[in-house]
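Peer 1: Chains as they are written, first to last, in the numbering used here: chain A, 1 to 231; chain B, 1 to 318.
The hints are simulated quantities; they were obtained by calculation from the structure and are not laboratory data.
All values derive from a computational prediction rather than experimental measurement.
Every residue, glycine too, gets a C-beta built ideally from N, C-alpha and C.
Hints may be right or wrong, so weigh each one.
[To be verified] Quick list of in silico lysine to aspartate or glutamate cross-link-like pairs, EDC-like style, CA-CA up to 20 Å:
id: 1; chain 1: A; residue 1: 154; chain 2: A; residue 2: 131
id: 2; chain 1: A; residue 1: 64; chain 2: B; residue 2: 224
id: 3; chain 1: A; residue 1: 145; chain 2: B; residue 2: 213
id: 4; chain 1: A; residue 1: 82; chain 2: B; residue 2: 216
id: 5; chain 1: A; residue 1: 82; chain 2: B; residue 2: 213
id: 6; chain 1: B; residue 1: 97; chain 2: B; residue 2: 147
id: 7; chain 1: A; residue 1: 134; chain 2: A; residue 2: 153
id: 8; chain 1: A; residue 1: 134; chain 2: A; residue 2: 122
id: 9; chain 1: A; residue 1: 116; chain 2: B; residue 2: 213
id: 10; chain 1: B; residue 1: 97; chain 2: B; residue 2: 30
[To be verified] Simulated DEER-style distance windows between Cβ atoms:
id: 11; chain 1: B; residue 1: 256; chain 2: A; residue 2: 151; range: 54 to 62 Å
id: 12; chain 1: A; residue 1: 98; chain 2: B; residue 2: 257; range: 51 to 59 Å
id: 13; chain 1: A; residue 1: 23; chain 2: B; residue 2: 186; range: 53 to 61 Å
id: 14; chain 1: A; residue 1: 66; chain 2: B; residue 2: 304; range: 39 to 47 Å
id: 15; chain 1: B; residue 1: 35; chain 2: A; residue 2: 223; range: 50 to 58 Å
id: 16; chain 1: A; residue 1: 63; chain 2: B; residue 2: 186; range: 47 to 55 Å
id: 17; chain 1: A; residue 1: 78; chain 2: B; residue 2: 210; range: 27 to 35 Å
id: 18; chain 1: A; residue 1: 139; chain 2: B; residue 2: 186; range: 55 to 63 Å
id: 19; chain 1: B; residue 1: 35; chain 2: A; residue 2: 23; range: 35 to 43 Å
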Amino acid sequence: MQVHPNRWGGELVRFENVGLRYGAAPETLTDISFSILPQSFQFLTGASGSGKTTILRLILQSLKATRGMISIFGQDTAQLDKDGLTALRRRMGIVFQDFRLLDHLTIYENVALPFKIRGRMESSYRAEVIELLKWIGLGDLIDAKPPVLSGGEKQRTSIARALVSQPELLLADEPTGNLDPVLAGRLLRLFAELNRSGTAILIATHDISLMDQIKGSRRLVLHNHHLQAEG
Amino acid sequence: MASSFDFHNQRSRLQSFLTRFSTDSLVAPDPLTDRTLVAVIFILTFIAALTAGLVLFGSAASARWQALLSSEVTVQIRPQPGRAIETDLNRAADLMKQVQGVTKVRIYSYEETMRMLEPWLGQSTSLGGLSIPRLIAVEIDPDAPPDIPAIGRQLAREIPGTAIDDHRTWTRRLATLGNTLVIASAAGLILIMTATALAIVFATRGAMVGNREIVEVFYFMGADDRYIARVFQRHFFRLGLRGGILGACLALAFLALFRFVVAGSDGLRDMFGFGIIDPLSSVGLAIVIAILAVALFVSMLASVVSRMTVHSTLNRLV
Ligand SMILES: Nc1ncnc2c1ncn2[C@@H]1O[C@H](COP(=O)(O)OP(=O)(O)OP(=O)(O)O)[C@@H](O)[C@H]1O
Ligand SMILES: [Mg+2]
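The following block holds chain A by itself, in its conformation from the complex:
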């Protein structure tokens, strides 16, 4: 894997006093401030319902902050137009907690989707996609479709889809929730390798043992609507 030329020297993500409320409910997130540096590795943790997925959605811009400032790749997201948003998303990879695979496409087609959307010729990425699928143990399921897969297989497919384009920033929401510890460890090493090649990684999880496996990683802990950074 090649190292990304870092187009933006500063933080990849920067939250300043961000608040978010869903509808009329009290704020789910209050005064959230943190940043993600290039090539960094961090875990986002907290109890169920504490707002981990919500933070990832704010970074992905599928949700607008109620207040505060969010900048992604050095761009203030308040001033982002549609094309700018598309450009940002092409620099990220995301693993959804609920996978969000396209049921009518094969595993191969699902994983190749980021390349296809970027308009690349199939011959330029096919070997790469198949190699990745084999590496994460899906080599025999290339032509299968998501509805027939086990939870763990779906999860690995969605991880492969997020990794395959070697994004500058990888967001993963509970990426090992459906995996046995051995497979979880294997995938975590894949994340670590990607990180060494230049990708900044943010993994939302409450699996403590997972966090202990990556030395030197940072922990962002959500508690009581607030965020504290540890380590």
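Mind docking chain B with the ligands on chain A? Use the hints.
Peer 2: Just chain B with the ligands now, kept in the frame of chain A:
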């Protein structure tokens, strides 16, 4: 591994076009809706293709009839008491021969005239010697026609009981009929195409709602509006093409059937002229091309309308 995968992909692509609904489309196939849309497009294409064929056929037939009618006039002489009708006939024929623009003059003999009247009078020998009006067929040059009414007046002065019929009323009526047919069919075509476009707007909206999750994933993977519009456009172009091809095939089958019927009947063949329905003649070829063009146009309409619908819907959503 790689080569067997490729093979599978190519084959399934062909299969999906011919039989099943596309598997490699990024829009999730919804067999019921897709098939319904294909059926609607199929029916509308069939009607549109038939209408287009009818326009061409109708205008060619009316042109043929007009040409036939205007290249011939008929002189009629009613028997007058105290006059020898054969002498009058020969005189009128001689006069007509001298007129500029007349190419051929032929007197229908008594027997021929009786044969023409047979359907009305019956085959009866007792009618022998009956005085009946007699006819002279006069062929004229349609490019330089003589002044028929003036000649008619002159003839009537010289030979009492003479009248000349240039079928002018019929030619005019035919022309009006032909034009009306063309205008009505064109209006019909516009309505059919509007209905097709509306059906596609509905189907695209439905597909976008049904594929909302997919559209969202596309956005997250870095697709822009143009890409998403292209995905839907491709999907509906295929459905449109499928419906269009089916509709065109049925229309061509109809054309073949019509040709078969006309070719088998002397009366119809004389009426329409075989050249009109022969697929190798210029009109026949034009009809076949028109039918195929309608099918192609419908599928392009499907793709353009779906793209416009996606853009307007996305702009309203986001
Ligand atoms: N679309 C929504 N509308 C209203 N409330 C929502 C919405 N999405 C999330 N919430 C609420 O916001 C809070 C945070 O949700 P979030 O999904 O971010 O939690 P989480 O930390 O990811 O939890 P988990 O570990 O269970 O995935 C929850 O109380 C949830 O009910
Ligand atoms: Mg969550």
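Peer 1: Take the hints in turn and mark each one as holding or not.
Peer 2: Against the structure, the hints:
no., hint, in the structure
1, 154(A) x 131(A), "holds, 17 Å"
2, 64(A) x 224(B), "holds, 19 Å"
3, 145(A) x 213(B), "holds, 17 Å"
4, 82(A) x 216(B), "holds, 14 Å"
5, 82(A) x 213(B), "holds, 19 Å"
6, 97(B) x 147(B), "holds, 14 Å"
7, 134(A) x 153(A), "holds, 12 Å"
8, 134(A) x 122(A), "holds, 18 Å"
9, 116(A) x 213(B), "holds, 18 Å"
10, 97(B) x 30(B), "violated, 76 Å"
11, 256(B) x 151(A): 54 to 62 Å, "holds, 57 Å"
12, 98(A) x 257(B): 51 to 59 Å, "holds, 56 Å"
13, 23(A) x 186(B): 53 to 61 Å, "holds, 55 Å"
14, 66(A) x 304(B): 39 to 47 Å, "holds, 41 Å"
15, 35(B) x 223(A): 50 to 58 Å, "holds, 54 Å"
16, 63(A) x 186(B): 47 to 55 Å, "holds, 53 Å"
17, 78(A) x 210(B): 27 to 35 Å, "holds, 33 Å"
18, 139(A) x 186(B): 55 to 63 Å, "holds, 60 Å"
19, 35(B) x 23(A): 35 to 43 Å, "holds, 40 Å"
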